[in-house]
Structure formats: C-alpha cells, structure tokens
Amino acid sequence: MSGQLKVRVDPDKCQGHARCKALAPELFDLDEYGNAHEAGDGTVPPGLEDKAYLAKANCPEIAIEVTEV
Amino acid sequence: MSDTSTMPEHPPVADWIRDFDHTDPSWTENPFPIWEQMRAASPVVHTDRFLGCYMPTTYEAVRKIAHDTEHFSSRRVIVRDERPEVTRNAAPPITSDPPYHKPAKQLLLPPFTPDAMKKLEPRVRAICNELIDEFIADGRCDAAARYTKYVPVRTIAHMLGIPEQDGDLFIQWIHMILELSITNEAALMQAVQEMTAYFTGHIEARKVKPTDDLISTLMNAKDKDGQPLDDGHVMGSLRLLLIAGIDTTWSAIGSCLWHLANHPADRARLIADPKLMPIAVEELLRAYSPVTMAREVVKETVVEGCPMKPGNMVLLSFPAANRDPAVFPDADKVVLDRKENRHAAFGLGIHRCVGSNLARMEMTVALEEWLKRIPEFRLDPAGEVKWSQGTVRGPRQLPLLF
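These protein sequence lines are chains A and B, in that order.
The opening residue of the first sequence carries number 1 in my numbering; numbering runs sequentially from there.
The opening residue of the second sequence carries number 1001 in my numbering; numbering runs sequentially from there.
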C-alpha cells in the first residue's frame, strides 16, 4: 500500500453528466459524446487526491471508483 | 403565462397521499411541504387522477424507476388527463426506449459537449448583456419576462440557426404543449402542427442552401446503418430541442434569481467569490430542479416494496428526489458550497438530459452577467411572483427592484 490513488469510470454506468470533468479536469476526459473516462491509466498525481474524492461524491450515476493501489 | 382557468375539472386536492395532483394550485405555489408529506407516507404514492398515476417520493425510488427501462417506458413523458395513441418519432430520443434510444441520442450528443458549449459561451454572454441593456435604466423589471425567458430562447435559436426574434412563437408553442395540453388535447395538436409547418420551411431552405447550424447537422446526420434520418425524425428532434431547451432553462435561471433576491447573504457570497458559481449553480439546480418527467408502467413490478401495475403513468419527480433528506442533509436548505451533490436535476440513467451542459453554461453565464451589472436587487413588494404549472417549474412572473 503506497497510498497512491487511482480513479476509474465504469463506462456502463456513466451517462455523461460530466460532473467529474468539471470538478477534476486533470483526472478525467470526455469522448465525442460527452461520456467520461479516466485520464491516462487513472493514476491520481500527488495533491489531487481531494479532487478524486470530490468527483466521486458528485457523480449522479455512482460510476466513479477511487482505489488505493 | 400559467393559465389555470383551463383546468376547471380538477377538484382541489384534500388527500395528497391517495389523490395527488401536480396541477393543483397549492403544488404550483409551494410543492416542498407536499413532497415531504408524501415521502413520510410512502416511497411510492398513487392517484386515480390522470387515468391512474404513481409518484415515487424518495431519491432511491426515483433512481430505481429511472434506471429500469424494462418495466417503465418513456413513450409518454407528460402526465395528462388523456392517453392518446402514441405516435412514432414523437420526440426522439426522450420518447424512445431501448434499443431505439441509444442511436437517436448519440446523434444529438456531440453538439452539446462541454467543449462545444465553451464555443457558444461568448454569444450567450452577449445575449445576456443585450437583454440587460434594455431594462437596467428602469431600476425595475419582470425578470421572467425580460431576461430569464430570452436567454435560452435566443441561445437555442442561435444554435438552430433560426431568427432569434421568432422567440415569442416558440414560447407560445411550449406553453400549449407543456401546460395547456395537460387538459386540452386540441392545444397540443395545434402547437405541434404550427411547429411542424415552421420547421418544414427551415428544412426545405437548407436542402437548397446548406448551413452550419444544428438543423443542418441533424439533416446531415446518419443513423447506425449509414442512412440519413427521415424528415419525421429530424422534425421530432427539432421539436424536442425547442421544447426541452427553453422552458427548462427559463425556469432554472428564474428560480436562481428568485432565490438570490430573497437571500442577500448568498448573493454577497457569490459576488465576493465568483469561483464558487459553478458549484452554487449545482446546488441551485438541486434545490429548485425545474423538470419533472414521466414514465408509463408497461410490466408489473415492485419498487421499494410498492407494487406498480401496467396502465398507470408515473410522475417521475427529480425535483422531489433532490429534496430527499436521506440523500441530502439539510435538503430544504440551499448550501451554496455543498460538497457532496449527486442531484438528479438532469435525470438519471439513459435519459440524462442531452442539454445539461448547455443549461449549466446558460445558468452560469446568465447569473454572472446579472450579478456584474445588477449586484443589488430584491423582489418588488408591489408585484407578485407567479410560478408555472405542470411539469416544468419556475417563475413566469418575477418583479424585481434594483
């Protein structure tokens, strides 16, 4: 347990509310339809941990997972 | 514009648990205590009005129904007195169920992404200032009639590529479709015919001379088999964009201004800390969600312990879900910097509002520009605030002094 966080968007749950992109633009990207996926491999750079949890707490579809790796 | 005189046959509600009616004047005026009472009684309540209709009262019950496209159909999305035959291509994708929903929705999504909205933002900012220019010197205005209505009207007209000055026509059709239609089928038919004739002209003109607006985008769109959309599908989608893009945002911006007129501390906070605006807009969306949708039960099921039978409609109140204290602490209080806010103002599941990014941008810009130029304002005590009736709630008359 390094305390390193990762975010992941469940593509089957995401409906494109885009709250994650608004709250944590460094951690999420949107496709041409506006649906979200994690940026890169989802690794949360140091200092952005709060944003990861904020995005999770504001996803209406409960599509975001934040895990410690 | 609410025209309650057209609804004589709805007796006043005495029992909100067993005989609710969302067209009742007391619901229009202040629905929040009614929802609280219903929620305390049951997660799902029923009325025999509207030929039989349920209403989920908790966030969880609303969420389950919104996610369940097997038992609940979107073929009818407004609860009204009559149940006329369902027409194909009524307004795809909002009236579509799987498997037809996804391809219809995907056609509409690209023009409404957050990036697309950023490009539109300067025009919306200009629209807001043009409107404010017209009344700021008066020191007073009906903000619902002079501002909150025309921000979305002119924005959607700009996107569609139709004259911004045709706005009053759109407003009249929408009023007939969303409010009068609940009890008056003829008003609905008339509005749909007039809209169809109007858009037919614009579609024909673009067949001769293509443009780069949303109407041309839809006309050029291909379905999943690579075929162009038929005119009926294009027409249905245009109807949807107009209906869904105006009344809703008009209501949302109006409710925000109404709240800020009544809460000087919230106003001062937003002026002192403009970065708070996007988060505050989410909270105002939660507290004053304008849009209630509907479903039709097509297969018997049980939701939160409550049996739901086919043949009944479902009044799917996202606004009531967003006031559920089980999900939102201090649900009846506006907390501008609410940290955890999974509000359902734009729906949940596959029918998430196509225009949610547009609505958010319009709300943010309309409030920012208003507060920049009119930081101090209050309700005019000599005037009266009037709220719309039916399934889109917001101020239709909002007299302000500044």
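Bear in mind the hints are in silico, worked out from the structure with no lab data behind them.
Since this is a predicted model, take the numbers as computed values, not measurements.
Backbone N, C-alpha and C define an ideal beta-carbon position, used for all residues, glycine too.
Do not rely on the hints blindly, as some may be mistaken.
Which chain B residues face chain A? A few, computed with CB under 10 Å, are given here [said to hold, decoys possible]:
#1 S1073
#2 Q1106
#3 P1114
#4 D1115
#5 K1119
#6 P1274
#7 P1278
#8 E1282
#9 L1336
#10 E1340
#11 N1341
#12 F1346
#13 L1348
#14 I1350
#15 S1356
Structure-based check of each hint:
no.: 1; hint: S1073; result: 18 Å, violated
no.: 2; hint: Q1106; result: 6 Å, holds
no.: 3; hint: P1114; result: 6 Å, holds
no.: 4; hint: D1115; result: 8 Å, holds
no.: 5; hint: K1119; result: 14 Å, violated
no.: 6; hint: P1274; result: 16 Å, violated
no.: 7; hint: P1278; result: 6 Å, holds
no.: 8; hint: E1282; result: 8 Å, holds
no.: 9; hint: L1336; result: 15 Å, violated
no.: 10; hint: E1340; result: 4 Å, holds
no.: 11; hint: N1341; result: 5 Å, holds
no.: 12; hint: F1346; result: 7 Å, holds
no.: 13; hint: L1348; result: 6 Å, holds
no.: 14; hint: I1350; result: 7 Å, holds
no.: 15; hint: S1356; result: 7 Å, holds
The earlier numbered hints that this structure contradicts are 1, 5, 6, 9.
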